[in-house]
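*Asks:* Listed here are the chains, written in short residue letters.
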Amino acid sequence: MDEVELREFVRERYPRLVGAVALVTGDAASAEDAVQEAIVRAWERTERGEQIAALDRWVAAVALNLSRSRLRRLRVERLARPKLVAAPPVPPSGDRVDIARALAELPRRQREVAVLRYVLDLSTQEIAKQMRTSEGTVKSQLFKARSHLADALSLVEDPDEENSHAEHR
Amino acid sequence: MPSIDDQLRTRMREAAPQPAGADDLVEHLGARKRRRAGVRRAGTVGLVVVVLVATTGAFVALGRAFRTEPIPGTIPTPSQTPPDLGLGFPICDVMSMPITVAGTLGNAYVFTKATDGCPKPGEGHRFVGADLDGNGTVDATAPELTDCFSPVGCEAFAAPDVNGDGTSEIAVSTAGADGYGVWLYAVTTSPAAVEPVKVELPPGFKGFIHAGPLQFAWVDVVGHFGGAHCVTFDDGSTGFVIDSGDKLGSTAEVSSEVFTLEGSIMRALDAGTRTLPLSDLPLPGTTLCGAPLYGSASNFPNAAPDPKTVDIGLDAPLCDVSTLKADFDGDGKQDTAWVGSFAKNGRCSTGDTSDAIVAVDLDGDGLADGSYDTLPRCLLCRTYAATDLNADGASELVVLLQASSTPEYAIYGASSVTGSDSPGMSPMLVSAGNAENGFPDGSQLTFSAGGDEGYSSAVQCEGYPNAPVLVLWRSEHPVEGPGADVTDFYETKLQLVSGSFAVVDARHFTQPTSDPSPFGLTSQACGVDWFSLA
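From first to last, the protein sequence lines are chains B and S.
The numbering used here applies: residue 52 is where the first sequence begins, and numbers increase by one.
The numbering used here applies: residue -11 is where the second sequence begins, and numbers increase by one.
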């Protein structure tokens, strides 16, 4: 990964990756930290001559793995606290609060599955590979997450779409 | 009206927190990368950041883990019985190389002060000294060497004459992940001294070598190289050139800085950058200004095998190897199972998740048999336990897939048990599965123990050892808000039959979250301590 590729990746993919990880962790500071750490690791790997086929997915996977560590979260929160105090937080919009709350109600794995699917557009197979689980488990988790999010956000589906979705499932 | 999927897609993307401006993020990442290198340097894995240029491609990270005993060079090296060098204190781990001092043959030594035995390479107090007249005693030493990284430590690197004055300079190296960091020492006879060479820069000079003690990289890896060579100026004098470059496809951007050595002062004369085809690069080799390299560098760029690797006869040696011995095929003999990750170019990377493999030696020749299975993106994967899960006299292998607060496990069996066509170790699959409980047909059996916010899991066992049934528990509930007061429980019983695990019973029920859980996170079940990471 040379500088041009790195700058392009940061410009094109960084915001969405941070957003995705933040939706899982519920904390933007720790998400930024995890994504940055993942990018640096990817950078080091490519310098060592290793090939990373899908960089954004690799970074997402590593960032989510990193964010799972409670110790890391605590450390990042501790480091981020002064910044948070110094900069008054911008009140999130109503919908952002609703989404965050609905996601927070999900178990972590369902939350990850939902974010990987709806924010990062990963397929069931890709999610299963990333989470090292079976596609059946992913489908099951996604189904539950989708149902909960639809209820929590009062989402309504066109009957035709629903039939189409049911058939597709 | 958009589908629920589309609505979720749109709303979640809009709701995703956006990071602050990323104008200087690349520079920030570069600094972070340097910090990581610094952290690794502070640890047991040697890593040196030698050259910093003000671009993102300007990081020279060195740090290679070689075996602790230097490879015999053109002329040799560590003395088994430390010679008496007249130092007045015991020494060990001595490396020597011949030097020329104003036409007289002498020797340079790199040695460690022995205190209660000999410290490991990279530890203790290590010095460079010189015998100026070849009489077997050290006439001068330099201040203690620092930054001698484990596991190799500092070595005698070469004895070039970089200014053509007829007296060798002494180059000392420390090995890192990708190559070497090299220091230079000047030798003088009157008075006898070995002094570190220091860089002096003219006012306003812009180059990539900083003022102060000289250190340069000796590295040639994919994407980057660093080295040094001597040149002869028009007036017949000798200059010393330090090169650094990033290989970019068919060309490389090469930064070079030209010096002249006067005494122990390396004065910068010129610096520049040029684009060269890869075939014309001034790559480092096995000589420095015509002087041969010693120690582990004598094979440069082919590193000695990493001492942390284990060779089990596959394409590359394994790193981070865990080994478990048990009778996996039921022949009454102990077999060996390994979990490890392939070394890259003979070296072990550090710290990161990486693919691992599961391999086994069933015939006792010390080499892996047949095929191996790959475990993608392992986080501390390792062999965990061996236990007979179908009472057939052959043990199954439990592999830890992820060491965390929720460790995940997989079961492997020898091909004679799983019925696989390929000899070796195969992952156990689920047959007659139960998708609702998370064990669909045909999937690899993986499960966890432990827990995190909102979910937990455990392993129990029935009928062991005569008719074992694996009982896998999982529970989950929203962490807070609606539904948090009710927990879903999934209990799945699986039996190993004909090489795969069949779900023989499964249930799903709910109970108030405040009620006691029907399972504990830790257990001793089917002969294994689960969720025991100690």
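These are calculated hints, taken from the structure and not from any lab test.
Hints may contain errors.
Stated by the list, open to error - Stretch by stretch, here's where chain S covers chain B in the computed footprint (C-beta under 8 Å, at least three residues):
{"hint": "1", "stretch": "98 to 108"}
{"hint": "2", "stretch": "163 to 171"}
{"hint": "3", "stretch": "200 to 207"}
Said to hold, decoys possible - Just a few of them, taken from the derived set where beta-carbon distance is under 7 Å, the chain B residues facing chain S:
{"hint": "4", "residue": "55"}
{"hint": "5", "residue": "58"}
{"hint": "6", "residue": "66"}
{"hint": "7", "residue": "70"}
{"hint": "8", "residue": "77"}
{"hint": "9", "residue": "79"}
{"hint": "10", "residue": "156"}
{"hint": "11", "residue": "158"}
{"hint": "12", "residue": "159"}
{"hint": "13", "residue": "176"}
{"hint": "14", "residue": "182"}
{"hint": "15", "residue": "188"}
What the hints assert, rightly or not - SDA-like mimics (lysine to any residue), calculated; alpha carbons at most 25 Å apart, straight line:
{"hint": "16", "chain 1": "B", "residue 1": "195", "chain 2": "B", "residue 2": "176"}
{"hint": "17", "chain 1": "B", "residue 1": "190", "chain 2": "S", "residue 2": "259"}
{"hint": "18", "chain 1": "B", "residue 1": "195", "chain 2": "S", "residue 2": "259"}
{"hint": "19", "chain 1": "B", "residue 1": "190", "chain 2": "S", "residue 2": "459"}
{"hint": "20", "chain 1": "S", "residue 1": "194", "chain 2": "S", "residue 2": "259"}
{"hint": "21", "chain 1": "B", "residue 1": "190", "chain 2": "S", "residue 2": "-6"}
{"hint": "22", "chain 1": "B", "residue 1": "195", "chain 2": "S", "residue 2": "194"}
Cβ atoms here follow ideal geometry from the backbone N, Cα and C, with glycine treated the same way.
*Asks:* Determine for every hint whether it applies to the structure shown.
*Replies:* How the hints compare with the structure:
1. Counting residues of the stretch 98 to 108 of chain B whose C-beta sits closer than 8 Å to any C-beta of chain S gives 4, which meets the bar of three, so the coverage hint holds.
2. Only when three residues or more bring their CB closer than 8 Å to a CB of chain S does the claim for the stretch 163 to 171 of chain B stand; here the count is 4, and the claim holds.
3. Judged by the Cβ-Cβ criterion of 8 Å, the stretch 200 to 207 of chain B is covered by chain S as claimed, because 6 of its residues qualify and three suffice.
4. With a cut of 7 Å, the hint placing residue 55 (chain B) at the interface with chain S is violated, because the nearest CB-to-CB distance is about 9 Å.
5. Below 7 Å, beta-carbon pairs count as interface contacts, and residue 58 (chain B) has one with chain S at about 5 Å; its hint therefore holds.
6. Hint status for residue 66 (chain B) relative to chain S: holds, with the closest Cβ pair at about 5 Å, below 7 Å.
7. Evaluation of the residue 70 (chain B) hint against chain S yields a held restraint, the C-beta minimum of about 3 Å falling below 7 Å.
8. Given the 7 Å rule on beta carbons, the hint for residue 77 (chain B) is violated: about 9 Å separates it from the nearest Cβ of chain S.
9. Of the supplied interface hints, the one on residue 79 (chain B) holds, with its beta-carbon coming within about 4 Å of a beta-carbon of chain S, less than 7 Å.
10. At its closest, the beta carbon of residue 156 (chain B) sits 4 Å from a beta carbon of chain S; the interface hint therefore holds under the 7 Å criterion.
11. For residue 158 (chain B), the shortest C-beta to C-beta distance to chain S is roughly 4 Å, which falls under 7 Å, so the interface hint holds.
12. Residue-level restraint check for residue 159 (chain B) holds (minimum Cβ-Cβ distance to chain S is 6 Å; threshold 7 Å).
13. Because the smallest distance between the Cβ of residue 176 (chain B) and any Cβ of chain S comes to about 12 Å, over 7 Å, the interface hint for this residue is violated.
14. Nearest Cβ of chain S to the Cβ of residue 182 (chain B): about 10 Å, over the 7 Å cut. The hint is violated.
15. Residue-level restraint check for residue 188 (chain B) holds (minimum Cβ-Cβ distance to chain S is 5 Å; threshold 7 Å).
16. For the proposed pair residue 195 (chain B) and residue 176 (chain B), the alpha carbon gap of about 17 Å is at most 25 Å, so the pair holds.
17. Simply put, residue 190 (chain B) and residue 259 (chain S) have alpha-carbon atoms about 60 Å apart, too far for the 25 Å limit, and the pair is violated.
18. About 63 Å separates the Cα atoms of residue 195 (chain B) and residue 259 (chain S), which puts this hinted pair outside 25 Å; it is violated.
19. With a C-alpha separation of about 23 Å, the suggested pair residue 190 (chain B) and residue 459 (chain S) falls inside the 25 Å cut-off, and the hint holds.
20. Straight-line distance between C-alpha atoms of residue 194 (chain S) and residue 259 (chain S) comes to about 7 Å, which keeps the hinted pair within the 25 Å bound.
21. Pair hint residue 190 (chain B) plus residue -6 (chain S) holds up; C-alpha atoms about 17 Å apart against a cutoff of 25 Å.
22. Restraint check: the Cα-Cα separation between residue 195 (chain B) and residue 194 (chain S) comes to about 61 Å, which exceeds 25 Å; the hinted pair is violated.
Checked against the numbered hints given earlier, the structure breaks hints 4, 8, 13, 14, 17, 18, 22 and satisfies all the rest.
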